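Colleague: Below are the chains, spelled out letter by letter.
Protein chains: 2
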Amino acid sequence: MTQAEGVFMSDNTHRTLSHVLRLRRLGIDTYQEPVIYMRNDCHVCRAEGFEAQSRVQVALNNHSIVATLNVVTGELLALDEAGLSEAAWRLLGARAGDAVILSHPPVLESLSLVRAKVYGKRLGGGDMRAIVRDIAAGRYADIHLSAFIAACAGDRLDLAETISLTRAMIDAGERLAWGRSPVVDKHCVGGLPGNRTTLIVVPIVAAFGLTMPKTSSRAITSPAGTADVMETLTEVELDVPAMHRVVEREGGCIVWGGAVRLSPADDILIRVERPLDLDSDGQLVASVLSKKAAAGSSHVVIDIPVGETAKVRSREAAQALSHRLVETGRAIGLTVQTVVTDGTQPVGRGIGPALEARDVLAVLRREADAPADLRERALRLAGAVLEFSPEIAPGEGVRRARDILDDGRAWNKFEAICVAQGGLRVPSVAEHTHAVTATQCGRVTAIDNRRLARVAKLAGAPRAPAAGLELHAPLGTVVKPGQPLFTMHAEAPGELAYALDYIAAQPGIVRVEAEP
Amino acid sequence: MTQAEGVFMSDNTHRTLSHVLRLRRLGIDTYQEPVIYMRNDCHVCRAEGFEAQSRVQVALNNHSIVATLNVVTGELLALDEAGLSEAAWRLLGARAGDAVILSHPPVLESLSLVRAKVYGKRLGGGDMRAIVRDIAAGRYADIHLSAFIAACAGDRLDLAETISLTRAMIDAGERLAWGRSPVVDKHCVGGLPGNRTTLIVVPIVAAFGLTMPKTSSRAITSPAGTADVMETLTEVELDVPAMHRVVEREGGCIVWGGAVRLSPADDILIRVERPLDLDSDGQLVASVLSKKAAAGSSHVVIDIPVGETAKVRSREAAQALSHRLVETGRAIGLTVQTVVTDGTQPVGRGIGPALEARDVLAVLRREADAPADLRERALRLAGAVLEFSPEIAPGEGVRRARDILDDGRAWNKFEAICVAQGGLRVPSVAEHTHAVTATQCGRVTAIDNRRLARVAKLAGAPRAPAAGLELHAPLGTVVKPGQPLFTMHAEAPGELAYALDYIAAQPGIVRVEAEP
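In order, the protein sequences belong to chains S and B.
No gaps in the numbering here: position 38 of the first sequence is 37 in numbering that gives the first Met the number 0, and each next residue is one more.
No gaps in the numbering here: position 512 of the second sequence is 511 in numbering that gives the first Met the number 0, and each next residue is one more.
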């Protein structure tokens, strides 16, 4: 064996035979999963016994990641070359021609803890730390993440495990500090299209004088996340120093949380949770509270919409979730106030980033046709946040919030926040629209949030910011044949056609029943 | 939009907009997961909103699969081209330049049943059929398979669910018919290197006059599968008509099961089960029995080796597994007899295809130094199979099996089967060997099956058929310094060197302890 073929690396405990290949950029995007491409007949695969789907440790410049192997049988790569997926390329900061050192990854001991959880055992604090540390370091393959998520789904995490998971997730990432108290926050557990109250609550609270540095997510399974909606109005990809400057000046901000690397294990889990679409009280609580604690919040209001097709389907489920949020918050030093709200139908009219932004602007500008339900929800939540202030008596919050909205202070503050984040923009408008109409006389008796959200996604939301739909017929509306129930918006004709196909195949997304 | 860019496909219920790209072969092996590669700026991704990790329906010649999208940002593909992973290429029977039709896949309704199982609900027969049908059709992504496996792991499938899963897996593939009864079979639940009894059991049973059409697997994570060992002696890639001709003439065969497509959902689940390393009695039972039933067997003996480094680690676990195998067999019309055996060390001397074949030949030819443990295990299992015959009284099987082996009938039958399958070959011999010796006096007190298997793989097995190792010192052997513990065999000097490096870094694979 020549020096070029193999090098020995030493550490205190054992030596490992490693190998070198030169990097070639293939430009393959596997989303966030790191993948390495090697010839099946290269000396590394032959000597190490690597095969398709093997996990391979890839080291460059004293930094290493674990990637999944896809072997190449054709002429895509030379025998002494390796390719990386774009995610792996970024993680290693690679350049074409760099020499990477390849070896078997260390055995992932924490997977035995995941297996134990799959078999129904309880996990302790140290167990959760070991699992979350390896997840945050990118050592789990997607199938391992999926097994962990399935093992914790439903009610399989008890309160103590939920607290351990939350702590482990906070410890695995950065934590912001604001040097003042209280630092307030709000969150909605989700499942309700159009529920974009954050963009109204933050300016009300900041105008009052409380500090509210809000980090929001992009859509996970929904047609729009708060960050997606805000992005149609201003910049949201601010780094930590930029975020500090905005909060220093305006008392609040609304930025994308992904840019500040809070609770990175949560981001990795969410990537797999999304296509699995699995609910888990324990993971939901850990995800929400770890992000809030890492963002430096001390007090948080959590909106729990309840409805048959919302994420939380019954009052009892909402109460159980509320209890777990409050208790976990207490354990990690976070004051949590939950607000159970109506989740039977979408909020406002728009579903999709730009369409939801339009609703928000109408409320903030006090336009005559602004959606009243969005306004009332936002006031209720803003009131709850304001009551964290010692200056506001219990029960007084909503009235104070209404004053700030109605006299224009909230709109002025929102404009100022947008300017501080990079300038206020006008949301884009879709080129292609199509009205879906009622086929009979009657009253709207049910709206399926999940299928309606799916329709908006098929139309292109949130990737296409102007895509989505506008709902014209909330619950109780009396309609005639031909009257529009909702209007589809799309940026591409193919997407519009596909959404319409789905609607045709799934009658009753908005249910109209003849009146007796 | 031009005709080349989009076509409408119609069926009874709805229309779907589809798109066409030309195939280019990239030669990327993702193991069995179907992956499609497309430019992110191609018209299909733009019109359909496809992104990295999107699931895409790919149709060619009236056949369609669902593949995971990896988008390509570089020059790997032209704008009107798509690439496929080798697995997807094979599934579609593609040729370079073929035009594939791309669209969104239909919504996978059966995933809601997987979610229900994750949440702890019981699945009925119809639920299992729906899930398994979609798995067999390749509609599940790996993370969906992983969630399903985790939801069923440990003891989360009860007996009724195990039976439903087994039935669903049988129904999802081909089923062979032999027009006679009994049709007997044997299986080992695995984890024990060198346990190559099948090649001895089949000729004994066929020589007696029972029908035993054996389909075997190639190695998945082990240094040799039964099909790999048989392949060093004769052809194993027989199609169903050829298999019928051999069984018609000789009463038995030993062929590779992969060529006959039995229980295809099982093959897909195994691909994800391996790297997860999750044990599940229910899935193991469904996997084994669905393959046997699909192969047309009516009676099967199942070998359950028990040992610390075998798959089943305790007598209690073996008993629970045995009960479930027998009861599930009863429900699907298969008579199951289990045999619990010693799984504390490898069987015979050889580990690796040709070396294991040599052990088998030595037993069949009654050579003086034939491995006694392999012979005795094979006789015990053959005896259990023979007792399925109404002509053999309980307790008489092993004696009758011994007679058939000792008077040369088994060897004659084995030769005849090999001739019928394509001719008897002489296994190849490795060019490079190296003895690994004891470094101290003492007794062999433990052998790590898993690490020993790894050594044989590093030496080149099963890809290099003559590679592997010969074990000279089974448990209890008293050794002196310099006495060989095992001999490495390799076809290439580099592989030999690499296996020896691993051995040097991993002391105690064969543990020698000084006697007091």
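Bear in mind the hints are in silico, worked out from the structure with no lab data behind them.
All values derive from a computational prediction rather than experimental measurement.
There could be a bad hint or two in this list.
One copy or two, it doesn't matter: identical chains are merged, so the pair holds either way.
[As the list claims (entries may be wrong)] Using 20 Å as the maximum straight-line C-alpha spacing, the simulated SDA-like pairs for lysine to any residue come out as follows:
| # | residue 1 | residue 2 |
| --- | --- | --- |
| 1 | Lys120 | Lys310 |
| 2 | Lys120 | Gly153 |
| 3 | Lys120 | Asp157 |
| 4 | Lys120 | Ala316 |
| 5 | Lys120 | Arg155 |
Colleague: Against this structure, judge whether each hint is valid.
Modeller: Outcome of the hint check:
no., hint, verdict
1, Lys120 - Lys310, "between (27 Å within a copy, 19 Å between copies)"
2, Lys120 - Gly153, "both (15 Å within a copy, 11 Å between copies)"
3, Lys120 - Asp157, "both (11 Å within a copy, 18 Å between copies)"
4, Lys120 - Ala316, "between (24 Å within a copy, 17 Å between copies)"
5, Lys120 - Arg155, "both (10 Å within a copy, 13 Å between copies)"
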